[in-house]
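*Asks:* Listed in order, the protein sequences are those of chains A and B. Position 617 of the first sequence, counting from 1, maps to 617 under UniProt numbering, and the rest follow consecutively. Position 50 of the second sequence, counting from 1, maps to 50 under UniProt numbering, and the rest follow consecutively.
Everything labelled a hint here was simulated from the structure, so no lab data went into it. Do not take every clue at face value.
Said to hold, decoys possible - In silico lysine-lysine, DSS-like type, Cα no more than 25 Å apart, as pairs:
#, chain 1, residue 1, chain 2, residue 2
1, A, Lys-208, A, Lys-302
2, A, Lys-308, A, Lys-366
3, A, Lys-218, A, Lys-208
4, A, Lys-134, B, Lys-194
5, A, Lys-574, A, Lys-208
6, A, Lys-308, A, Lys-208
7, B, Lys-159, A, Lys-574
8, A, Lys-561, A, Lys-648
9, B, Lys-159, A, Lys-208
10, A, Lys-39, A, Lys-53
11, A, Lys-134, A, Lys-565
12, A, Lys-134, B, Lys-165
Computed from a predicted structure; not experimentally measured.
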Amino acid sequence: MSLDEFFVTGDPLILGSQIAIGLTMVGLVALITYLKRWKWLWREWFTTVDHKKIGIMYILAGVLMFFRGGVDGLLMKAQTSRPELGFLDAQHYDEIFTTHGVIMILFMAMPLLIGIMNVVVPLQIGARDVAFPKLNALSFWLFFVGAMLFNISFVIGGSPDAGWTSYFPLAGKEFTPGVGNNYYAIALQIAGIGTLATGINFVVTIIKMRAPGMSWMKMPIFTWTSFVTSILIVAAFPIFTVALAFMSLDRLFGTHFFTVAAGGDPMLWLNLFWLWGHPEVYIVVLPAFGMFSEVIATFSRKNLFGYKSMVYAVAGIAFLSMLVWVHHFYTMGNSAAVNSIFSLTTIMIAIPTGVKIFNWLFTMRKGRIEFSNAMLWSLAFIPCFTIGGVTGVMLAMAAADYQYHNTMFLVAHFHYVLIPGVVFAVFAGLYYWWPKMFGFKLNEKIGKWHFWLFVIGFNMTFMPMFFVGLDGMSRRMYTYSESTGWAPWLGFSAVGSVVMAAGFAALCYNIYWSFRYASRDVGSDPWNGRTLEWATASPAPHYNFAVVPEVDRIDDFWYKKKEGKTGIKKSDLKPVHMPSNSWTPIFLGVAFGIVGFFLVFEWFTLAVISSILIVIGLVANSFDYDDGYHIPVDELEEEEREWRGELK
Amino acid sequence: MTQANTPLEYRSHQSQMNILGFWIFLGAEIVLFSTLFASYFVLEHNTAGGPAGQDIFILKDVLIETFLLLTSSFTAGLAIHFMRNNAKNDMIVWTIVTLLLGAGFLYMEINEFIHYVHEGATIQTSGFTAAFFTLLGTHGAHVTFGIIWISLLLFQIAKRGITEKTSSKFFIASLYWHFLDVVWIFIFTFVYLKGMVG
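Using the sequences provided together with the hints, build the complete structure.
*Replies:* Below, the structure is given as structure tokens:
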């Protein structure tokens, strides 16, 4: 392979990116060296097993990926803003909608949600960390390495270009030669292992580490939704593991899982992909529902309406989500009976979802609503998401779906579900839990700019897509003729995407501004919260709770505040056991990245040799008998005194 | 929660969580193998002119493999029994027997694969062979991983003795080993026996 096959060449946009990436890397290394921060980075971040720091790294990576996926989106909108534009050619457009989809779902939505879960869930259940802190770090590094491997594809070797669903036969070697789709198969596999480990970790954490007295029905709702999501991860991700393994074997070793000529079956890929892919949608949306529930209850100053029905609804949605996958390919030759069954199960999902919508509305009823930024996002979510839900029921009807299957109507629908459902939730969650992570609030005024620009831009971008979709514009079209009459709609939509991007820029500015100037004096409980994460200092100390709280009822902390019982006694302080930092997670992450890279390029000898690194990491981990360390009582007392005052 | 008669591997809270976590991991493994089985059933008759199962399977060899692996599950159980009686040497002996039986199984399976390749059934031949070799290969790779893993644990047991930590690690590895046996029973029934009847 010659050098100009290795690097992607011949496109000024990509050349610019290559130069920018190179300069940024050099700049970062120089800056860290100049500030003498390498040791600090290694000690405090790269080797950390603290769930809060891991959560923050997830969030940081998620925001970065949001930027990358967002730029992809803007490029697509620019290309379709006018008829017959030559800004991107068909090939480049294919690559961009593929990476946009993969990055937004797997490398933006997932890490942002898992990041917030990481920070919040242990605090909400009164635990000192997750069940397996080192595994948690490994999860992060596998995700991060997977994301980076996927991201370099557009400058090294070439991007995948068969869509985020990568249907066979298109995604096979015959129709998609080159290494692009190898990146898809390998990078997602690596990140997927990390996600599966996260799922297992949180299931055990929530089952075994809840504070004394916190029975299942006294658990905060966000913890419930994280629990159900974790179970869905364990149930669904192995299916994707197998599907990607088949894809890798077909592409790298010439097997025939999906090629018709030698007895393979491309429909097998579709079924496996959506058997994972549909639950995946709920994996990202359920924790988001939990965040809205927490925010709405807190800022309505009321307990969550219908808590139990919320729990049952979440469990019901999770169960049904495993039984609807065929609705993604009604038009691909199933019998009428099969289509009808999947149509019914799909429509049934609207029932528990409707229960949740009404519960949120009733939580607000007669509440003293405070229009903080977190609350604004929750309020905007309800109508926008309902539009997504209603159009979803339209798509669920198999007979009608034949009319708008794979049109822009579908694209508009899932953006109306995923952006309000997930992105708005992440924004609400970030504004809400930011002080718990960093000890200062994000600015509310800049936050309003962020909110209005993003929400208006979002509706401007995606509402027109419903109409061009109903008018017959199929998805993934890189251009169209003047005579279609779509130009005004798509032009308006492109303007909307710029407004939305301005909203995102406002968020970034807000983070910068608040980091520099916001007041550090926010106290432990800035929003008058209801759950245990507000019972400890902001930012939360590395041991979380000096004394593990006891819980008598749901929203226990809210009542304890009223009863004046939130203090701790000096005599209750005991040394706290903490896990030690570890180098194995980041080492294993990098090792997987190297092996993955060689596999992408089908350099098998190098891949086999470098997999020795993985073995070394695993063996070192097996022989590691580090028992962690204890924080002495004096140190605890000193840290607690800082924000509680003198302990009794 | 933890009393004197609680088995050693369950004494500490962390060990309890490790064991529960591993059970949940086995749940994920069940999903993984179920997917492999389902895919095999979809593709099993798509031989594309290549050999079908009944043309190449040698039931006698498969039966020997089955006995080797099933016996190794029994001896792994014996090792756990001696671990609980704090009989370190017996435990090590039975673990080594387990590993040898596992290695015997692997040897047979590799020979079986070589035989198939000579018969003209490689992983690239057809949809059937792709699904067959991937299902069997995934199981075989698990056995290989298990042999290496348990060997490493043997060093740790020899060096550190039977402690709360080593016993829980070993118990988890034994769960894994039994799980592979269960998967094999399904492979034996639904791949080989079903394949022989056609």
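*Asks:* Could you run down the list of hints and mark each one as holding or not?
*Replies:* A quick look at each hint next to the structure:
no., hint, verdict
1, A:Lys-208 with A:Lys-302, "violated, 29 Å"
2, A:Lys-308 with A:Lys-366, "holds, 20 Å"
3, A:Lys-218 with A:Lys-208, "holds, 15 Å"
4, A:Lys-134 with B:Lys-194, "violated, 44 Å"
5, A:Lys-574 with A:Lys-208, "holds, 21 Å"
6, A:Lys-308 with A:Lys-208, "holds, 21 Å"
7, B:Lys-159 with A:Lys-574, "violated, 33 Å"
8, A:Lys-561 with A:Lys-648, "holds, 17 Å"
9, B:Lys-159 with A:Lys-208, "violated, 31 Å"
10, A:Lys-39 with A:Lys-53, "holds, 16 Å"
11, A:Lys-134 with A:Lys-565, "violated, 35 Å"
12, A:Lys-134 with B:Lys-165, "holds, 16 Å"
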